[in-house]
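Throw the hints in and build the complete structure from the sequences for me.
Next come the chains, spelled out residue by residue.
Number of protein chains: 4
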Amino acid sequence: MPQPEAVRVPQGADLAGEFRRTRRLTAALADPLSDADATIQSMEDASPAKWHLAHTTWFWETFLLRDHCADYRLYREDWPFLFNSYYEAEGARIGRFSRGMLSRPTVAEICQWRDHVDAAMAPLLDDPDCAGMIALGIAHEQQHQELLLTDIKHALFQNPLGPAMWDRAARAGEGQGEAADGWHSHPGGIALIGHDGEGFAFDNEGPRHRVLLEPFALARRLVTNAEWDAFIADGGYRDARLWLSDGWAWVNEHGISAPLYWHEGRAFTHCGWQDRDPAAPVTHISYYEADAFATWAGARLPTEFEWEAIARGQHVETAPAHDPAGGNQLDHPDDWGGPPLPGGSDALFGDCWQFTRSAYLPYPRFAPCEGAVGEYNGKFMSGQFVLKGASCATVRGHSRASYRNFFYPHQRWQFTGLRLAKDI
Amino acid sequence: MPQPEAVRVPQGADLAGEFRRTRRLTAALADPLSDADATIQSMEDASPAKWHLAHTTWFWETFLLRDHCADYRLYREDWPFLFNSYYEAEGARIGRFSRGMLSRPTVAEICQWRDHVDAAMAPLLDDPDCAGMIALGIAHEQQHQELLLTDIKHALFQNPLGPAMWDRAARAGEGQGEAADGWHSHPGGIALIGHDGEGFAFDNEGPRHRVLLEPFALARRLVTNAEWDAFIADGGYRDARLWLSDGWAWVNEHGISAPLYWHEGRAFTHCGWQDRDPAAPVTHISYYEADAFATWAGARLPTEFEWEAIARGQHVETAPAHDPAGGNQLDHPDDWGGPPLPGGSDALFGDCWQFTRSAYLPYPRFAPCEGAVGEYNGKFMSGQFVLKGASCATVRGHSRASYRNFFYPHQRWQFTGLRLAKDI
Amino acid sequence: MPQPEAVRVPQGADLAGEFRRTRRLTAALADPLSDADATIQSMEDASPAKWHLAHTTWFWETFLLRDHCADYRLYREDWPFLFNSYYEAEGARIGRFSRGMLSRPTVAEICQWRDHVDAAMAPLLDDPDCAGMIALGIAHEQQHQELLLTDIKHALFQNPLGPAMWDRAARAGEGQGEAADGWHSHPGGIALIGHDGEGFAFDNEGPRHRVLLEPFALARRLVTNAEWDAFIADGGYRDARLWLSDGWAWVNEHGISAPLYWHEGRAFTHCGWQDRDPAAPVTHISYYEADAFATWAGARLPTEFEWEAIARGQHVETAPAHDPAGGNQLDHPDDWGGPPLPGGSDALFGDCWQFTRSAYLPYPRFAPCEGAVGEYNGKFMSGQFVLKGASCATVRGHSRASYRNFFYPHQRWQFTGLRLAKDI
Amino acid sequence: MPQPEAVRVPQGADLAGEFRRTRRLTAALADPLSDADATIQSMEDASPAKWHLAHTTWFWETFLLRDHCADYRLYREDWPFLFNSYYEAEGARIGRFSRGMLSRPTVAEICQWRDHVDAAMAPLLDDPDCAGMIALGIAHEQQHQELLLTDIKHALFQNPLGPAMWDRAARAGEGQGEAADGWHSHPGGIALIGHDGEGFAFDNEGPRHRVLLEPFALARRLVTNAEWDAFIADGGYRDARLWLSDGWAWVNEHGISAPLYWHEGRAFTHCGWQDRDPAAPVTHISYYEADAFATWAGARLPTEFEWEAIARGQHVETAPAHDPAGGNQLDHPDDWGGPPLPGGSDALFGDCWQFTRSAYLPYPRFAPCEGAVGEYNGKFMSGQFVLKGASCATVRGHSRASYRNFFYPHQRWQFTGLRLAKDI
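Chains as they are written, first to last, in UniProt numbering: chain A, 1 to 424; chain B, 1 to 424; chain C, 1 to 424; chain D, 1 to 424.
Some hints could be false.
Since the list can't tell identical chains apart, any single copy or any two copies may satisfy a pair.
List of simulated lysine to any residue pairs, SDA-like, C-alpha gap at most 25 Å [said to hold, decoys possible]: (1) Lys422 - Arg300; (2) Lys422 - Asp181; (3) Lys422 - Gly374; (4) Lys422 - Ala279; (5) Lys422 - Arg210; (6) Lys422 - Tyr237; (7) Lys422 - Glu214; (8) Lys422 - Phe366.
It should be emphasised that the hints constitute simulated quantities derived from the structure, not laboratory data.
As structure tokens, then:
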């Protein structure tokens, strides 16, 4: 039984309710999409919306129903081959860039599968032996909710018509509020890093351990579109001195001159092409761009440890940031069509994932879980960088101070941004 | 006005009827497809079914309605960018391998456009000034009917589930009938090659000219699956001596060991995976494979001129082949779900396109038409080979003895086969 | 014994003398090169000079000494793996683009091998059983003499220092002389095409056969640098209408805007960078460029049959062109350092190979030789175009009216040019 | 003046002597190579030996002579374009994979340049203003001595003849001696990491800072060929569970099944193909392989901090390791032809560079130097891993406890190996 060791479910957690809310939200996110919208795949990094609907269902069917219900029979014998993502222990699967060829099964057929699996899950939701794996399954599906949104954005962007998935909300963008300037400063010293064991966490967030920090400061707000415009105007994309060597090669090979989705004064959003809000955080940038900007600004990116120490309010001179209130809804970004949600402008979370200069590597004494779910995080520990925080497309309550998101330095189809740091 | 010079429309031709039947058939072919089926693109050579529905409509809107109806306004200003194929004179267009990103417009929206254009076309259908261009548009749409079928076959083939587009017909496959063995022999001499000016033809089929032939013989039937199995069993794909140099490189680079769509004793069809009929003509082979087979068999491929001379019955010792009876329907292949159609087993037409050893080059004094439609054929005259005949996916009446189909020597997603020739 | 069927050696030919002159010339061509010059390989199409020295020697050792001297032992057992070019029947060999890794053996060691093989060949030079193969070996080595020159030119061109292999000759460039303008016209009719059996010819030049020609004219001179400058000035490289579809893609993918080796008013030559002579024939162009120029000029490329008919003086209204006088020396181009050689300005031969619009395909009843040398020509009969004539880098006496050179339409590191044709 | 801030030259260091010894050794290493050997480039990662000879000379000419001798004139105006490596501040340069096209200048010409520059350097060698840059230049040239050796090994390996650069030494390989088993254990706590300011160091080795370590142990010896054979025999290269995700993709894409240079029981060396010594350290492995082996062995790779703490003997329970004695000679590996050199079998240095699980990132408060030499290290801080120690091809005295070598996780043409670590 592949029980994630790192998973501790808090007493009294409403796992059954969380399961149902999560499943409903995934389906709701795909609701505005046609079968064709949900089928196309724009690049190898991204998956079709349909595939996310199916893969998350495969996860429940495989690691809960198949492994914990003696008499459960697979809904379709040939679907695991289609919807396993990368679990070698679960056998062969279609090539990653062939996911976009799956015009069949239809979204409707996958939704029937979802209903079937949800019904079959009912008896397990209160089984304490399954609690850890259910918590993992919920977190897994929440990650795919975000990926579904970033992937369909990239897919729709390929269409010269610039189609919208949602209508634009009436309210104006609010940026990050007025309290944003300034720095959180930290005197350095030993910080406790990693998950404390309360509530769910992925295995890669632990074990908790001590890290020695030098004095530093972390910006109270994210870098904005207006600041990025200044970087461009100052020739930032054409000055080799600002760039990492790999980054400079990337800029030149791909002719990069602006964040992804920018075109003149507009940006592509889930609501189609929209004017950019100068006060909003810049997003859809690569690590290379983030690093070059920080160099240009005379600052640097924070380490993941610095970020976490500030997020935890350890020895911080400003008001501590806090984990955002939980809840199974999305913190809709400005360019979406959903209702506005209250959000503290000073929080480190929300808006976009923030690149750190920390490579994604194992914490001391880290060991992945046994079995297939041991492939969840550990095997990706080379070549990627850690991002902290959460984005407008992250379900509220999903992230936390110890959360470690990770991407390759050239990737930028996620809602990625940056928060400056400096030595003090 | 881009009037194709080469187009002569026969007196009394029912162009209006032909237009309506053609437009209906295209829509009917796409009928079994979902919006998602019709959206996906499996490779750069192939286009989505939806795109074929739209591109053929763009052709009418551009070269007939826009150019011949003074007050016609484009249905959508931004659609020509999506649905122009390769006409440089018509301006920029999306990248060829981005056609599969068009989840919007939907098939339904494109069908509304089709209806709109069909209605607008009504006044032009009897206009003698438009007759040549209308005949071209019909032939163009018939070509795309075949491409729609070969492209969707390739797309569905990517799906490990092996989805079917049609149910399999109850009748057994008939192969090529019993009269097929033997050779048509030809004494050589001067043959008249190219279209004679009666009825419609593409510009590349003329001018008619004389070609000197040596004595030769052409097989009365196509090479069969059973014969191809013997070629494989004899190590045909592993014997460098049988292959053209480019072909041998292609075999090794792609690990080719059988025709496209073959897997063990079955083949992928529009009706899903089916047992192969040993007596049926082999199909979905490349020029390289056809040439290697012919070498293995101690024969060779015919030239396009030899094939045409036999098709015209010039000086031929067997009964002359004849152009198939016209009619706006498809000669359904064995593996389709439609009703069986009568077809002469001795005809050179039908079943599959037949590779010749003739490169696709201009005939003496060939000149492409003026204007954008001059790009229709002439600019492709390098690197490709001529195929003669017609396939199970060719609308009956579309092909003729002078017809010149052309593909690159490595391509095999069309219904391509071979008919042997030899010197006598 | 792989005896080329097509080879007929004329009575009284001085094969032994020809052998020795050819071997000496190859070595002399490599003489100005250092071991390092002779080792580098600039692209997969080209081979190191050292490799040409060795491969031609391998040819003699393999097909003459090994096959015809019972007691001959290979000079080095492991060298055939290095120096076999493409003869599958002769076994495995290093990858084509790994030829540039052979810093060992040295040029000096290869020259010792050359001497060894030359000495061992002595008894065979008068053996009538070997005459056909010796004639083939001589022709083969002459082809590699030209390749050695074109390949080293391409290699030295990669060096930003623009190194010269020879000093520039003192004499001024003479262009094509003053008698060049005008056309050879031909009334059409049946032409005899292919080698007549007198003297040596490659198998692909036969069998001799009849071809029907329409009336046409062929330019008396080649297109010049000045004319090409006019094509460029008129936007020739930016006008899609002039180009074949594959050519237009090639122009855009590679950013082509001039012939290979051109930079501003100069061109790279074996004597380094030199001013271009406006009256000299344009060279180092691709088929795509030749075809686009002809279209721009309101003319076309000739077929290989038209070219040959003019070269043979069949029914031609101007003075017949003639095969150039034989002799084992190079017709040094203007930019070389050697002594000027007399050359008729009206001849079709010399200066550069001339693209025809004929694909390289087998003549009727063509059959390659038995054995490994059967791979010499026949297996390349797809995707390439025929070039006629000869270039400044072709040994005098090597080419003839029936000679068929062939290259892919994008290749241009050979001395390729064009001669216009038109219908009359 | 681009004076490296981080460079502090010890009082009384014999920089002039060190300069001359270093320059002599570089030339001596290239001595067995022909001009052709020294010209070829086997892959983009590697450079020709000739290029190393020239690039190191360019470094002195540019950063010392040009910048510090008012009247110095460049030896050749057009050579900096050829021999600048990656310094954007120094302008354009040839493409990295075009270095192998430089048959000119010859090795002899470059050696003349070396002499010229060496002579011109004489007045600067005692100039205290230049001392820091001279120390950097010496360290730079020592790095290229190692690269010259690893690059020429890779180049000669491409040759199927397996050429040797040196004769094999008569003495038998000694492996790592008998005292090698066992572990160095460390109780954890705060370690001082980074260069202490005594003697030369690269900028990336500082600033010195504190790092918190958990208790751990580090193997006293490197993993051996015999142990690697056991890994292979146990299916290590075929078991996805052992591999990082990127590593597994790399193994499958490239068909990796053994270290680079292994073939059956032998390995390619500078002395040609030699039997492998089972007791010798395994080398020429990638990070992916090192990580997979460690997982298979139930251990892990050390961090760079753990390695350095052991190397410094901080709190270590075994005898402390020590920096190897300086001296300007190479610690010839077993497979070389030079004289054996005494070397402590227990030292962490020598034999091969050891992968750590630490990504190559800046230390706290790291800032690169001003000017072009600021590009030396800092701009490579993404995507690579730190290696510690030194290899058989590292000049003795070049490395030190704080030394940070870095390579991408797939690279293995360096002398790379591994030393296991474990938690205690």
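Structure-based check of each hint:
no., hint, verdict
1, Lys422 - Arg300, "within (6 Å within a copy, 33 Å between copies)"
2, Lys422 - Asp181, "within (14 Å within a copy, 45 Å between copies)"
3, Lys422 - Gly374, "between (36 Å within a copy, 20 Å between copies)"
4, Lys422 - Ala279, "within (22 Å within a copy, 49 Å between copies)"
5, Lys422 - Arg210, "both (21 Å within a copy, 18 Å between copies)"
6, Lys422 - Tyr237, "within (22 Å within a copy, 44 Å between copies)"
7, Lys422 - Glu214, "within (11 Å within a copy, 27 Å between copies)"
8, Lys422 - Phe366, "between (29 Å within a copy, 11 Å between copies)"
Against the hints set out earlier in the document, no violation occurs for any number.
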